[in-house]
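Fit chain B to the supplied structure of chain A, relying on the hints for placement.
There are 2 protein chains.
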Amino acid sequence: MAGGLEQPSLAASPAPDFAHVIQTMKTADTPAEPLPDEIPLNIIANEVAQILEVYQDDENGQLVEECAAEDDKGKMILGRNIHDTCLSITEPEVDDEVTGEKDAFMAAVLSRYRKTLIEKTKFHLGYPYNLDFDYGALAQLQHFSINNLGDPFIESNYGVHSRQFEVGVLDWFARLWDLEKDEYWGYITNCGTEGNLHGILVGREVFPDGILYASKESHYSVFKAARMYRMEVIKVDTLTSGEIDCTDFKNRLVQHKDNPAIINVNIGTTVKGAVDDLDLIIRTLEDAGFSRDRFYIHCDGALFGLMIPFVKKAPKVTFKKPIGSVSVSGHKFVGCPMPCGVQITRKEHINALSRNVEYLASRDATIMGSRNGHAPIFLWYTLNRKGYRGFQKEVQRCLRNAHYLKDRLRSAGFSALLNELSSTVVFERPQEEEFVRKWQLACQGKIAHAVVMPSVTVEKLDDFVEELIKSRARCFPDGQILVPCVADEVGGENCSCLQHNQLFQLGIDRQS
Amino acid sequence: MAGGLEQPSLAASPAPDFAHVIQTMKTADTPAEPLPDEIPLNIIANEVAQILEVYQDDENGQLVEECAAEDDKGKMILGRNIHDTCLSITEPEVDDEVTGEKDAFMAAVLSRYRKTLIEKTKFHLGYPYNLDFDYGALAQLQHFSINNLGDPFIESNYGVHSRQFEVGVLDWFARLWDLEKDEYWGYITNCGTEGNLHGILVGREVFPDGILYASKESHYSVFKAARMYRMEVIKVDTLTSGEIDCTDFKNRLVQHKDNPAIINVNIGTTVKGAVDDLDLIIRTLEDAGFSRDRFYIHCDGALFGLMIPFVKKAPKVTFKKPIGSVSVSGHKFVGCPMPCGVQITRKEHINALSRNVEYLASRDATIMGSRNGHAPIFLWYTLNRKGYRGFQKEVQRCLRNAHYLKDRLRSAGFSALLNELSSTVVFERPQEEEFVRKWQLACQGKIAHAVVMPSVTVEKLDDFVEELIKSRARCFPDGQILVPCVADEVGGENCSCLQHNQLFQLGIDRQS
Numbered sequence: 002m003a004g005g006l007e008q009p010s011l012a013a014s015p016a017p018d019f020a021h022v023i024q025t026m027k028t029a030d031t032p033a034e035p036l037p038d039e040i041p042l043n044i045i046a047n048e049v050a051q052i053l054e055v056y057q058d059d060e061n062g063q064l065v066e067e068c069a070a071e072d073d074k075g076k077m078i079l080g081r082n083i084h085d086t087c088l089s090i091t092e093p094e095v096d097d098e099v100t101g102e103k104d105a106f107m108a109a110v111l112s113r114y115r116k117t118l119i120e121k122t123k124f125h126l127g128y129p130y131n132l133d134f135d136y137g138a139l140a141q142l143q144h145f146s147i148n149n150l151g152d153p154f155i156e157s158n159y160g161v162h163s164r165q166f167e168v169g170v171l172d173w174f175a176r177l178w179d180l181e182k183d184e185y186w187g188y189i190t191n192c193g194t195e196g197n198l199h200g201i202l203v204g205r206e207v208f209p210d211g212i213l214y215a216s217k218e219s220h221y222s223v224f225k226a227a228r229m230y231r232m233e234v235i236k237v238d239t240l241t242s243g244e245i246d247c248t249d250f251k252n253r254l255v256q257h258k259d260n261p262a263i264i265n266v267n268i269g270t271t272v273k274g275a276v277d278d279l280d281l282i283i284r285t286l287e288d289a290g291f292s293r294d295r296f297y298i299h300c301d302g303a304l305f306g307l308m309i310p311f312v313k314k315a316p317k318v319t320f321k322k323p324i325g326s327v328s329v330s331g332h333k334f335v336g337c338p339m340p341c342g343v344q345i346t347r348k349e350h351i352n353a354l355s356r357n358v359e360y361l362a363s364r365d366a367t368i369m370g371s372r373n374g375h376a377p378i379f380l381w382y383t384l385n386r387k388g389y390r391g392f393q394k395e396v397q398r399c400l401r402n403a404h405y406l407k408d409r410l411r412s413a414g415f416s417a418l419l420n421e422l423s424s425t426v427v428f429e430r431p432q433e434e435e436f437v438r439k440w441q442l443a444c445q446g447k448i449a450h451a452v453v454m455p456s457v458t459v460e461k462l463d464d465f466v467e468e469l470i471k472s473r474a475r476c477f478p479d480g481q482i483l484v485p486c487v488a489d490e491v492g493g494e495n496c497s498c499l500q501h502n503q504l505f506q507l508g509i510d511r512q513s
Numbered sequence: 002m003a004g005g006l007e008q009p010s011l012a013a014s015p016a017p018d019f020a021h022v023i024q025t026m027k028t029a030d031t032p033a034e035p036l037p038d039e040i041p042l043n044i045i046a047n048e049v050a051q052i053l054e055v056y057q058d059d060e061n062g063q064l065v066e067e068c069a070a071e072d073d074k075g076k077m078i079l080g081r082n083i084h085d086t087c088l089s090i091t092e093p094e095v096d097d098e099v100t101g102e103k104d105a106f107m108a109a110v111l112s113r114y115r116k117t118l119i120e121k122t123k124f125h126l127g128y129p130y131n132l133d134f135d136y137g138a139l140a141q142l143q144h145f146s147i148n149n150l151g152d153p154f155i156e157s158n159y160g161v162h163s164r165q166f167e168v169g170v171l172d173w174f175a176r177l178w179d180l181e182k183d184e185y186w187g188y189i190t191n192c193g194t195e196g197n198l199h200g201i202l203v204g205r206e207v208f209p210d211g212i213l214y215a216s217k218e219s220h221y222s223v224f225k226a227a228r229m230y231r232m233e234v235i236k237v238d239t240l241t242s243g244e245i246d247c248t249d250f251k252n253r254l255v256q257h258k259d260n261p262a263i264i265n266v267n268i269g270t271t272v273k274g275a276v277d278d279l280d281l282i283i284r285t286l287e288d289a290g291f292s293r294d295r296f297y298i299h300c301d302g303a304l305f306g307l308m309i310p311f312v313k314k315a316p317k318v319t320f321k322k323p324i325g326s327v328s329v330s331g332h333k334f335v336g337c338p339m340p341c342g343v344q345i346t347r348k349e350h351i352n353a354l355s356r357n358v359e360y361l362a363s364r365d366a367t368i369m370g371s372r373n374g375h376a377p378i379f380l381w382y383t384l385n386r387k388g389y390r391g392f393q394k395e396v397q398r399c400l401r402n403a404h405y406l407k408d409r410l411r412s413a414g415f416s417a418l419l420n421e422l423s424s425t426v427v428f429e430r431p432q433e434e435e436f437v438r439k440w441q442l443a444c445q446g447k448i449a450h451a452v453v454m455p456s457v458t459v460e461k462l463d464d465f466v467e468e469l470i471k472s473r474a475r476c477f478p479d480g481q482i483l484v485p486c487v488a489d490e491v492g493g494e495n496c497s498c499l500q501h502n503q504l505f506q507l508g509i510d511r512q513s
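Chains A and B are the protein sequences, given in the same order. Start counting the first sequence at 2; every next residue gets the next number (my numbering). Start counting the second sequence at 2; every next residue gets the next number (my numbering).
Just chain A, same shape as in the assembly (with noise of 0.2 Å):
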């Protein structure tokens, strides 16, 4: 069986009054079909990972430009094609409401399905998820059709909505970066791509010929923005942390002077965890000549925009200072089973964006029309027990504990990064690639990384290490073990390699 990881049992395991259960899931219990020649899913075998008899199906082709760039080896491994795996969609027999054979299947395949979640949770290090939440108390609400369409702080003739919660969260976010009530606006997005697609939006409105700034490690959500609003963008060198670099920033800035600037800003890149220097791009636009009258800064803080207002140190994300807007994801940090996220920007701002519409007898301002009205409750509920007090103390345990993983990293003789404001530890990306699917880790070229959550302990992250110990043992058999170097992603500083840290020989020193 090819592929079949999201439902091992089911094919192996047929009841004869399961007849129909078989027929539906023959898909997954025939070989898997080669893939079309036409399908560009660009997949590749990895030469240096061993080669999973899941990848069997897999064929090579071109890759694009950008990818790459960053990977020495030019290839990029894409997952695996899903049509093989699928659980497709039956008519019901005529007599299936006397039997109850339909619903006993579909209750079959949920159950199966539950058992690969919770597993699939267990061993999860790789996305900025937090999944530990229990929302066992709105569980009730499943049975409604909750829909915010339109401006959330407007009521639409459509009854079943959640705007009372969602204004709720919305005030204690603008509070959280210092607007009144009466100076935002803003709204509760399905995910962080929508709130960096409406920060940049509001930004080419403000300013109709701005051009778009971003570093190249921004969310590609920031690039495919400016290729929708058809908006010059420049990508801005990073330094080897992931931040920003502000002095090919100047350099872009003072090349393209008669344009505004619309920035975007990370507070928390997605690979490395870098927060940009939002003081020193604000003095660079200054410096460039800039007035605050020509630039707009739109914040891409999906994950880190709601840690970094507890990290003492950090500098400051806040509405005293000239930005346009802020925009942070709601299922990454808070927790919530369907992605969400905030976006907070100024009603001086979104005025030049919305217009009203009279069917909804609400304003059109948002990106989405119809909106997920159940997401806002989770929100409300987790703010409500949490408050700042208990993200305060989530943050400092998640800061830690990323500590304590690129410590043990280190020690075991992995190169490993860990940004200074960041719980995003970025290492060597693992050569099984097997291990990666395992614990679910998002890589870069030659790098990967772990993200501590709040959902991720101490007990999660040693079991992690041991076996990424145990795996890296097995690229090597004869115990000569070779780190690459992975200076230029992570700074010479964090690299392992024989290179770069010849103060100790790997494997034969860690096993005396």
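Among the clues, some could well be false.
Here are some chain B residues pointing at chain A (derived, C-beta under 10 Å) [stated by the list, open to error]:
(1) F106
(2) I147
(3) L171
Simulated from the structure, these hints should not be mistaken for lab results. All C-beta atoms in this analysis are idealised placements derived from N, C-alpha and C, irrespective of residue type, glycine included.
This is chain B only, laid out in the frame that chain A set:
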């Protein structure tokens, strides 16, 4: 207490040991403050309707042009300012864990909120949402952070996903619209707007210098897309039914022969449920000299995209015709706790749009990045249970009930329009705003509509018509009912005003 529909009794019945509850609810408990001057709500009092107490804090304001044109009174009523009733978040007390007061407070809020939702769900007619669903079997999944980030067909590194359900759902829709598995690409969106944003973006990437054509009764997201994407957009006239006027369409095409055409085709307009004639649109394009390699058609099937396949005489939406994409909402006819939608396009089109994202080990071809993994499971569950036959039965019942509603309205002396392929009944806007609010009717200018969904029974329609008759009677205490002329909106044959319907004396005739 101003505007306290959402938590009617909380402020009214404070218990002594709920001291901090009171504090939290303060904004709802104190008299509503006047709206700040700079808030651009454009809220006005409706001169015709009785001015209700909840509107006491409204102010006059300028209208946006589009709305003024559609409303002969030149005015638009927006909903209430939610800031007056929002549920603030409070910092937990140090001893909350011991006393359990915070939990008790939240349980009380949620319990009252649930009651409100039940009431609001009961009296709902205005939006095309099927509110009748039972997803109890899926409650067990609420504890997981399910995220299908990236492309549905390529498994990402994040293991807690539901792609196997999503692709099953997509296959079902592709088959419904006659595309083979290896010919289509698609994904489950957050709402109808995301489908339109995606379809129009694909069109623009296929034809970068294409002009967007959309009838003026298209959903507002279509015009938002044009603005976001910096595309030239041409608003085409409509017939009284709400369908696109192909004579005007042809004239516009001929005037802009040099640019390719990107057309938004409405499979059910938002207000009148009018279905644009796809075959006539294609013929018009050909007549105007646009060969198939010079146009791209996106079908916005938000509601009717899923109903029309089951209506025998309807023009078929199929990829056997030269269309590029179709979108449909999942929370409308199917019914789902949160908004979602399905977007299907030809695989050949998506390659232009997408790029691989190594961080995800997947491909970026969607508008959003992180994507709700629960919605696909809801859809999968319902499609499996109901199947084609189940939907067919429901569609037939909805159309039958819509005819019943239209007939009852007409025989009670109201103007009413029901398009042949639609379950949206358009009628004159009720004069009592309280009635509009109770039944959550979507209004535009002089008309309102009710959408007959599977959750709408004949009993509910009877209740509605009887209350509407009583509401009208209250507006004409002398018994002389004046029916407004809405011939421009619904056509003379559907208008019950004196001029258009001299055959019977309103009110008096009906009473006898």
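Hint check results:
1. F106: 8 Å, holds
2. I147: 7 Å, holds
3. L171: Constraint on L171(B) satisfied, holds at 8 Å.
Consistency note: the structure conflicts with none of the earlier hints.
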